[in-house]
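> Read off the chains here:
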Amino acid sequence: MSGAVRFVLGGRVVEVRGAEPTTTVLQWLRANGRPGSKEGCAEGDCGACTVVLGELEEAQDGTPRVRYRAVNACILFLPMIDGKLLLTVEDIADEDGALHPVQRALVEEHGSQCGFCTPGFVMALFALLHSGAELDDESIHDGLAGNLCRCTGYRPILDAARRLRTTDAEDRFARADAGIVALLTSVRRDAPLAISAGGNGFQAPRTLGELTAALERHPDATLVAGGTDVGLWVTKQHKALPTLIHLGAVAELHTIVEAEGHLDVGAAVTYADLLPVLERRLPSFATLVRRIGAAQVRNLGTLGGNIANGSPIGDSMPALLALGAVLVLNRGGTRREVPLDAFYLDYRRTELKRGEFVERIRIPLPAPGQVFATWKVSKRRDQDISAVCAAFLLTLDGGTVAGFRTGYGGMAATPTRARTLETALLGEPWSIGTVTAAAAALEHDFQPIGDFRASDRYRALVARNLLIRFFLHSVGEDAYALETAHG
Amino acid sequence: MADGTNHGVRPVQGGVHTAQAHDSALRHVTGAAPYVDDLPELPGTLHAAVRLSDKAHARILGMDLSAARATPGVHAVVTYDDVPGELDIGAVLPGDPLLAPDLVEYAGQPVVAVAAETMGAARAAARRVEPFYEPLPAVLTPEEALAQGLFVSPSQTMRRGDAAAALAGAPHRLTGDLRVGGQDHFYLETHIAYVIPGEGGELHVHSSTQHPSEVQHQVARVLGLPMNAVTVECRRMGGAFGGKESQAAHVAAIAALLAHHTRRPVKFRMDRDDDMLMTGKRHDFFVRYDVGFDGEGRILGLEMELAARCGMSPDLSNGVVDRAMFHADNAYFLPDATITGHRCRTNTVSNTAFRGFGGPQGMAAIEHVVDEVARHLGRDALDVRRANLYAAPDRDVTHYGMRVEDADILPELFEELERSSDYRARRREVEAFNAANGILKKGLAFTPVKFGISFTALHLNQAAALVHVYTDGSVQVNHGGTEMGQGIHIKIAQIVAEEFQIDAARLRVTASVTDKVPNAPPSAASTGTDLNGMAALNAARAIKERLTAFMAEHCQVAPEQVVFRDNAVFAGNHALSFAEVAKLAYLNRVPLSATGHYKTPKIHWDPVTQQGRPFFYFAYGVAVTEALVDTLTGEYRFPRCDLLHDCSGSINPAIDLGQVEGAFVQGLGWLTAEELWWDGEGRLRTHAPSTYKIPTSRDLPADFRVRLYDARPNREETVHRSKAVGEPPLMLALSGWLALKDAVAALGGHRHPVHLDAPATPERVLLACEAVRRRG
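Residue numbers (the numbering used here), protein chains in the order written: chain A, 1232 to 1718; chain B, 52 to 827.
Next up, chain A with everything else stripped away, as it sits in the complex:
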């Protein structure tokens, strides 16, 4: 047993020694006198365990300030909050007991019934309030999509959130920002975190060099970025993860380079950090990314993790396949580039060699004149996993298809291009007739399975119909899309 996890809980610095690295933040909180945060699912899908993490960031003028983000404590390993501020429902009322504005709004709007989900909603709303977002209904839904309530039907909770628009948003945390900055600065490390307990190890390198060195020592280590998938290997699949290497502290993996024709994204960039860039540069993809998980998941989950884990239903891959994304892989400092469409070998099997990791993702942006779109179809709009996800990139020369790339998820053992379809359309006139005719090629590309998300028949129909939707989109018939008509 060595090393200690150090973070700020509420207002005081806490050092935890001897906790197994895969102890979740929720388990630790509940075992240490803070039962306010609840376990509803242990898989990051209900939000009852929502807590808020505060981290230092630089304001536009370069001064440090605290950024607050909601996360699911139930799938977050305790060492991953090292150096951060952790706030729970027990922390946010004033010391004299006066309720925080979000708590007051929930009481006054009758926003709790059984109350079990309420601590999670309180913290999700706290993070929303501190996010600086316009509290319009869209951003409220985005902020609450990861929190399930089975009693209220949400209306009073939404009204509580709307009430915050008119409330003075400055709470005691805003007022104490400088103090919190000082506290967080004081717990900064000058060496990478490395702990071991119960025969399991966890390390958090801070540079690419430290990361490659750690991987050379432990080529079979489990890499964890946000942990929104790896966390479930422990809580749901009961896997032992004897060596964890956390990518969250590796500075180089957090950069986004916005180049002329492409984006170059570090593997540990979270969806939340990627979103503002996508909204500027690739809005269609941004719309889809806003439907990956929910705020709590996007605040930790990373594009790199989504790609590297290689789930057949990962929602970011179809778009990246259609766009022709290229991965930069790194092994011991030696880099190689692999196009994403050559990365997946089979179900959850990838090109990655032992000790190799995804360092960066290069995403070509659609050129002027190209048409790109991506959609996911799921039972529920928010916080659901796709039955089918599809993306299309069209290049026209006059009225003729000069290039057509696709990406499909949910249709095969890996996310994949529909190459027969792409070939069938190449050189054809771009019309509803040719598109409908070419859609038959999808039967050659895919033999989807049926499961609890969708039947094989539904998947095949939707795969085809999304192509039709793309045609309509390409000719400006966006009124045909539900999102456009209703949101």
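In short, the hints are calculated from the structure, not lab data.
Where is the CB? At the ideal position from N, CA and C, for every residue including glycine.
Mixed in with the good hints there might be a few duds.
One-sided excerpt, in silico: chain B residues whose CB lies under 8 Å from chain A [as the list claims (entries may be wrong)]: (1) Ala76; (2) Phe202; (3) Leu239; (4) Glu631; (5) Arg688; (6) Ala705; (7) Glu732; (8) Thr742; (9) Leu818.
Assemble chain B onto chain A, guided by the hints.
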């Protein structure tokens, strides 16, 4: 007051008919409201886990428990053989073994239970149990069970008139079938019990349960103890919705069995997956019907069979199927009807109570039928519904012989909502939209609810309460109801506050405990406030009568001159605060504690003729929902929904509004995205929120207009003439399902029949669209 001032005389805060916050609201939002898992654990507490069967039907040939027993930290590994008392914990009829003996009858059935020092160790040990099975053929669907004649209980039929003759003579006739899906409760707090052994074999059980008395009964039975040795306490649940009516006993009794064997406190908190796999859900139904009607769409004759998937045991299924049959009329007069309810035995989890208790499925069936009738005739379904409503004097008796005495409420509600929702104009807008759009289609549906209030098991329609007045004038109220989020405690505090004429803040409603209020019915069937509120009122009245008599004597005035009002007691020229009266009464040896009991009047039922008056009264509501469907993918939204629910006489309009909205959204989930999916081996594969999708905030209608109707105080003598509200509004969501169907029908210009089973997942909607498209 005693000093001659009137400082303490001020209007009562928190009496009845006022919007009060939930009594735990402040604690909810600060994380200070403890649920069972939040209670401090006693030293030596062990944690329980179960090993569930992964076979739907199999003989257990043997089990290797050695690896489980050898797991570090394990204190007990028990099977059915270790049960000292009765193995069967069937709530009404036998059929539910605590742990499977030599046969497993559903995938998810608990076979072995483990107690260990940590939850991790207990769960790891449970995974190491190695059972050896000999698989047996499994029956998985109600259709299969119906075909094979497999039932957990005999089928029943309710008859009015001669349906066969009416069908034969009807100018129009339709036959069809329908599948209505089940639903997982998905209470946010999973099942949990914490059992603490005491002296002399006593057990104190903290249980998340709607029915502490049932938990007490089953724990005692399993351990062979008298009920007086077991005390069950429930301060609050993190949601229940019927799922913690009978099912909580299973969880508590497993924990009690482990506590018995280890002589240690044992906590059994189920993880989400085990909870969803092991415990019962809303019954899914297969429905067949034959309906005859006239040119106006008026039903002349109806034969309907309602076949429920009960699972492997009766549990509460008889009541559930009965209630489905009782609601196969919904709001409509069935002059000649034969309604049959089948209780199908399947090798799936034993289904149980869920908000509405069969009523929603029965209503879905008749609403589908009425919708089909309207489509067949090409008439607006609202007109057909209105034509079929119960009406005095000749069209007001149900198919089970009960007169609908306030049948005029529904036409009022229809008229009001048709106007306020702008139904006719919006119907035209929907038609215009559909004419202009090829891919997106809109639908609109108007549906009513008439829901019978009372337990159909007669003996459950009683309640008791215990009220204490202390010498400082503070009051403690105990009652048999349990708090699951519905705000029963604040409502009952309001009722008692009103009676004593003191501020509700002076009252504390305690946890529900079997040693304070014994033999209580479950908090279920929407009756919690009706029953327990009356019992608490009767207890308060008993004390108030004693105080009145005492004050009359003490102040030398007639009893009629003693008045409780405005936080004070007036007796002739005397005015005392309530606290002063309490103190004075105590000093004069007046008892300040009383029990109250209540039983629902008027109800009766003849199980042989299947006729009677099973309900004290009916609750009513109406809904209009608009749907927008993407016919390329089957995805949809609900742009607008208008609800009008009769909550006349509401004890607490804020709480009741929450019930209406919450029930509606839960109902909408049931009918849309909440799909229970079993694989071919009978294993439920949607057993966590990653795969089972209850509504999120964006799923409620974008424009959601909910109003409580307040013009018709209960014609029966309920507590302050209020009306039960827990379940009825769930069924208003049928309007959402039928609006989706209406939108699909628009794809074919309403020329073709549409079949849309529930839940109407995007997949079912798209497949319905494809069926319409194929017909051109």
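> Determine for every hint whether it applies to the structure shown.
Each hint, compared with the structure:
1. Ala76: holds, 5 Å
2. Phe202: violated, 28 Å
3. Leu239: holds, 4 Å
4. Glu631: At 31 Å from the nearest chain A Cβ, Glu631 (chain B) fails the 8 Å test, so the hint is violated.
5. Arg688: holds, 4 Å
6. Ala705: holds, 5 Å
7. Glu732: violated, 13 Å
8. Thr742: holds, 6 Å
9. Leu818: With a minimum Cβ separation of about 7 Å from chain A (threshold 8 Å), the hint on Leu818 (chain B) holds.
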